[in-house]
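There are 2 protein chains.
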Amino acid sequence: MTYHDSAQGRTAPLGAAPPLCSSTYTNALFHDVLPFWEQYSLDREVGGYFTCLTREGQVFDTDKFIWLQARQVWMYSFLYRVVAQRPEWLQVAQLGAGFLLKHGRDENKDWYFSVRRNGRPLVAAYNIFSDCFATMALAEYAAAAALSEHTGLGLNSGAVPGSGRTPGAGPSADEARTVALETYRRILPRRENPKGRFTKQVPEGRPLHAMALPMIGVNMAMVVQAALGNEAFSDIDLDPEQEITANVERVLGLHLDRQAQRLFERVGPNGTHPDCMDGRLLNPGHACEVLWMIMEAGDQLGRRDWIDTATEALLWTVEHGWDRQFGGLYYYQDAQGFPPEKLEADMKLWWVHAEAIYAFAAAYEYTGSEQHKHWLERLHTYSWERFADPDYGEWFGYLTRQGLPSNGLKGGKWKGCFHLPRALLKTGARLQRLEKAGILS
Amino acid sequence: MTYHDSAQGRTAPLGAAPPLCSSTYTNALFHDVLPFWEQYSLDREVGGYFTCLTREGQVFDTDKFIWLQARQVWMYSFLYRVVAQRPEWLQVAQLGAGFLLKHGRDENKDWYFSVRRNGRPLVAAYNIFSDCFATMALAEYAAAAALSEHTGLGLNSGAVPGSGRTPGAGPSADEARTVALETYRRILPRRENPKGRFTKQVPEGRPLHAMALPMIGVNMAMVVQAALGNEAFSDIDLDPEQEITANVERVLGLHLDRQAQRLFERVGPNGTHPDCMDGRLLNPGHACEVLWMIMEAGDQLGRRDWIDTATEALLWTVEHGWDRQFGGLYYYQDAQGFPPEKLEADMKLWWVHAEAIYAFAAAYEYTGSEQHKHWLERLHTYSWERFADPDYGEWFGYLTRQGLPSNGLKGGKWKGCFHLPRALLKTGARLQRLEKAGILS
Numbered sequence: 001m002t003y004h005d006s007a008q009g010r011t012a013p014l015g016a017a018p019p020l021c022s023s024t025y026t027n028a029l030f031h032d033v034l035p036f037w038e039q040y041s042l043d044r045e046v047g048g049y050f051t052c053l054t055r056e057g058q059v060f061d062t063d064k065f066i067w068l069q070a071r072q073v074w075m076y077s078f079l080y081r082v083v084a085q086r087p088e089w090l091q092v093a094q095l096g097a098g099f100l101l102k103h104g105r106d107e108n109k110d111w112y113f114s115v116r117r118n119g120r121p122l123v124a125a126y127n128i129f130s131d132c133f134a135t136m137a138l139a140e141y142a143a144a145a146a147l148s149e150h151t152g153l154g155l156n157s158g159a160v161p162g163s164g165r166t167p168g169a170g171p172s173a174d175e176a177r178t179v180a181l182e183t184y185r186r187i188l189p190r191r192e193n194p195k196g197r198f199t200k201q202v203p204e205g206r207p208l209h210a211m212a213l214p215m216i217g218v219n220m221a222m223v224v225q226a227a228l229g230n231e232a233f234s235d236i237d238l239d240p241e242q243e244i245t246a247n248v249e250r251v252l253g254l255h256l257d258r259q260a261q262r263l264f265e266r267v268g269p270n271g272t273h274p275d276c277m278d279g280r281l282l283n284p285g286h287a288c289e290v291l292w293m294i295m296e297a298g299d300q301l302g303r304r305d306w307i308d309t310a311t312e313a314l315l316w317t318v319e320h321g322w323d324r325q326f327g328g329l330y331y332y333q334d335a336q337g338f339p340p341e342k343l344e345a346d347m348k349l350w351w352v353h354a355e356a357i358y359a360f361a362a363a364y365e366y367t368g369s370e371q372h373k374h375w376l377e378r379l380h381t382y383s384w385e386r387f388a389d390p391d392y393g394e395w396f397g398y399l400t401r402q403g404l405p406s407n408g409l410k411g412g413k414w415k416g417c418f419h420l421p422r423a424l425l426k427t428g429a430r431l432q433r434l435e436k437a438g439i440l441s
Numbered sequence: 001m002t003y004h005d006s007a008q009g010r011t012a013p014l015g016a017a018p019p020l021c022s023s024t025y026t027n028a029l030f031h032d033v034l035p036f037w038e039q040y041s042l043d044r045e046v047g048g049y050f051t052c053l054t055r056e057g058q059v060f061d062t063d064k065f066i067w068l069q070a071r072q073v074w075m076y077s078f079l080y081r082v083v084a085q086r087p088e089w090l091q092v093a094q095l096g097a098g099f100l101l102k103h104g105r106d107e108n109k110d111w112y113f114s115v116r117r118n119g120r121p122l123v124a125a126y127n128i129f130s131d132c133f134a135t136m137a138l139a140e141y142a143a144a145a146a147l148s149e150h151t152g153l154g155l156n157s158g159a160v161p162g163s164g165r166t167p168g169a170g171p172s173a174d175e176a177r178t179v180a181l182e183t184y185r186r187i188l189p190r191r192e193n194p195k196g197r198f199t200k201q202v203p204e205g206r207p208l209h210a211m212a213l214p215m216i217g218v219n220m221a222m223v224v225q226a227a228l229g230n231e232a233f234s235d236i237d238l239d240p241e242q243e244i245t246a247n248v249e250r251v252l253g254l255h256l257d258r259q260a261q262r263l264f265e266r267v268g269p270n271g272t273h274p275d276c277m278d279g280r281l282l283n284p285g286h287a288c289e290v291l292w293m294i295m296e297a298g299d300q301l302g303r304r305d306w307i308d309t310a311t312e313a314l315l316w317t318v319e320h321g322w323d324r325q326f327g328g329l330y331y332y333q334d335a336q337g338f339p340p341e342k343l344e345a346d347m348k349l350w351w352v353h354a355e356a357i358y359a360f361a362a363a364y365e366y367t368g369s370e371q372h373k374h375w376l377e378r379l380h381t382y383s384w385e386r387f388a389d390p391d392y393g394e395w396f397g398y399l400t401r402q403g404l405p406s407n408g409l410k411g412g413k414w415k416g417c418f419h420l421p422r423a424l425l426k427t428g429a430r431l432q433r434l435e436k437a438g439i440l441s
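First to last, the protein sequences are chains A and B. Here the working numbering is used: position 163 in the first sequence is 163, and no number is missing along the way. Here the working numbering is used: position 264 in the second sequence is 264, and no number is missing along the way.
In isolation and in its complexed conformation, chain A is listed as follows (with noise of 0.2 Å):
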């Protein structure tokens, strides 16, 4: 008995796009991708959720990783909070929340990168991502609950969708907020040495910070606090605005290289670009991820200059990081042109093309200019036309160069309920906010 891919080896691109609208956003994220992850991810039996999901929604890997588990935990609790309080939401991200507090973390309360499906753990993890990701997940989930449990709508209120039984409660708000701020406390010291143990470059090698750093520094100080406000940060002794505006500017003064106009995934100290692979590395989806991150950034903070600068970044990125020949946004690039180190980096994947999509959403709000609404369109075709299942729902994880489905994978080790729903959610919203001033129609 094997499985047949049958997005395998096609030859033809799969659909049109639908119109560029809110609508388009809301209804694919509502009636396509959130039901697929809640027909398919739940695990009612033990907590937690299936990642590995085929085409068709087959479970093929019951190994749970924690980056993913804690990505879905957010999604559903900001659904929650911020779109409506919905008790299945809850309930879903209740699910993994009690999952995460119950096996994710080994005696040092250091988050595992992987565990069984049962909980067991298998992989320890090599850097402060799980860390990362569980805190956002556990704040946001703390905020969710505590609405639920204000208002009392939600929690314990009944069963998992579509299972008939009725689930052990989920964590308090008390208990996932400890957890969050005891988690990001013990993150801060731990950013100049984000792989401790597991670092493979020698002390006296070449030094190179990573963009990932200040990224989830800025992701996750915003996070934290639109979900448990500012009081939360005098309990781990930290300025949120500080916080982010530090690592804001590490991206725009370290990473950005405004003469020639990249933004570089690694650099040396002072922003130089030693000359080797690492140094050279783009990552066109990290820099527009990023990019939206620094506008909501100076939007909240009142730094004009931030979005300026991150909106003029935009262009640069995808102008370099667009393939000419079969259209898409390179995976990875070598900013001089040389071969790049991974294999894979000429592929066309669906967080890269997501967050390119809701970054120039954001930023032709920000800028009213005809060259954001102008790629916004092109990307917006290029990946409904391509990453949309039409068959099946969800969106093809990884496309080849040319456009065509790898595989047919709706999730993986690294794919889950995040990406793509976070992006259909905030790209709804602009687009709605555009269409009502009459700027988009």
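Derived by calculation from the structure, the hints in this document are not laboratory data. Check each hint, because a few of them may be wrong.
Put simply, identical chains are the same to the list, so a pair is met inside one copy or across any two.
Result set (PhoX-like, lysine-lysine): computed pairs, CA atoms no more than 20 Å apart in a straight line [to be verified]:
1. Lys413 with Lys200
2. Lys342 with Lys413
3. Lys200 with Lys109
4. Lys373 with Lys109
5. Lys342 with Lys436
6. Lys200 with Lys373
7. Lys102 with Lys342
With chain A's structure known, arrange chain B on it following the hints.
Below, chain B without anything else, positioned relative to chain A:
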């Protein structure tokens, strides 16, 4: 100034395959592949080799990766010992052997994964493979140097090819032999925990055995035995025949599933197949490579049963690993047909095909069967049509599933002067014997 990759974005294959005969292989080795590496890879200033080479041979990263440094030392030392005592081959080997001995190890005598051009360390070895390749390189170099010292040929007898300068003397046979055996001795107790402090799997996790370990065990024992003889093993308290047998039986007994007709990359204790991505992983290139090693071991130890099993398993491997839509062997597969974890799974890699060609040349010599001949021809035709670069020589490393160059690189972090020249040399020798015996015309 950016590099333009002239291989990227091609839409048609490059050329026709030359005839399947020994001269195709030996001509390519001596008049194309070795000259390419001699022209572009030698770092005549500080020793060692550049391996990051564009399609045309331009160096795009000067870091030195110990696996590839060691493999090129092995290759040129082997040529010197078994083909002809050409001084220029020994000098190429000296260039790398001297660099390895001077810069390859840390203060604990563990080999690095990579160092900078000048030898300054960069990345620690995160498993035992750097050490294994260094052992094989220095053992083979010691044999070559001893031959040269004995005959007075080669050592210090002239300039590095094309440089016009006389290099320093290479390491002595004794020095290289001592470090080879010291490294081999240090590897033995580490084999049950090959990643040491870099192990991410938690002890209570899922126990999985990787085929790479018994595979390199067979390879290392046979290489050291051929280069230094049985007496070298008494220095490290190892019986070479026992060592080869134990490792072959681990592959054939645990990793080869005769019922499923698959060679599994990772297995649980007693050869079980945990139902997860790791437990279902197949790697057809690795399978072909270990199977020819087992055939050679069977030949040497008079174990016809190993040869029979390996030649049969080879057919299972390619019949399942061949892409029936676009041709070529997949890089990775899931034994149940589920989407593989690795994004590059459906790409066609030079080393996979070079190893498969040699494995079938060997199998055909052992069995004389039409099936092995058929696959030899099929692999030969596919590979020479697609991988060989008619414009700049050598082979492309990485093709898309459709069989077109994903980029033009001739060398990189993982592609050096090793798999292709080794396969060309060994295949040429097998085909020559088949031609002499009148089996191949």
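These are the hints, each one checked on the structure:
With identical chains, the CA atoms of Lys413 and Lys200 are at most 20 Å apart between copies only, with a shortest distance of 16 Å across copies and 23 Å within one. In the homo-oligomer, the alpha carbons of Lys342 and Lys413 lie at most 20 Å apart both inside one protomer (18 Å) and across protomers (10 Å), since each shortest distance falls under that limit. In this assembly of identical chains, Lys200 and Lys109 lie within 20 Å of each other by CA distance solely across copies; the values are 16 Å between and 23 Å within a copy. For the homomeric pair Lys373 and Lys109, neither the shortest alpha-carbon distance inside one copy (46 Å) nor that between copies (58 Å) is at most 20 Å.
Taking identical chains as interchangeable, the C-alpha atoms of Lys342 and Lys436 are never at most 20 Å apart, the minima being 43 Å within one chain and 44 Å between chains. In this assembly of identical chains, Lys200 and Lys373 lie within 20 Å of each other by CA distance neither inside one copy nor across copies; the values are 43 Å within and 45 Å between. For the identical chains of this complex, Lys102 and Lys342 are neighbours neither inside a copy (36 Å) nor across copies (30 Å), given an alpha-carbon limit of 20 Å.
Consistency with the previously given hints fails for numbers 4, 5, 6 and 7, ordered from lowest to highest.
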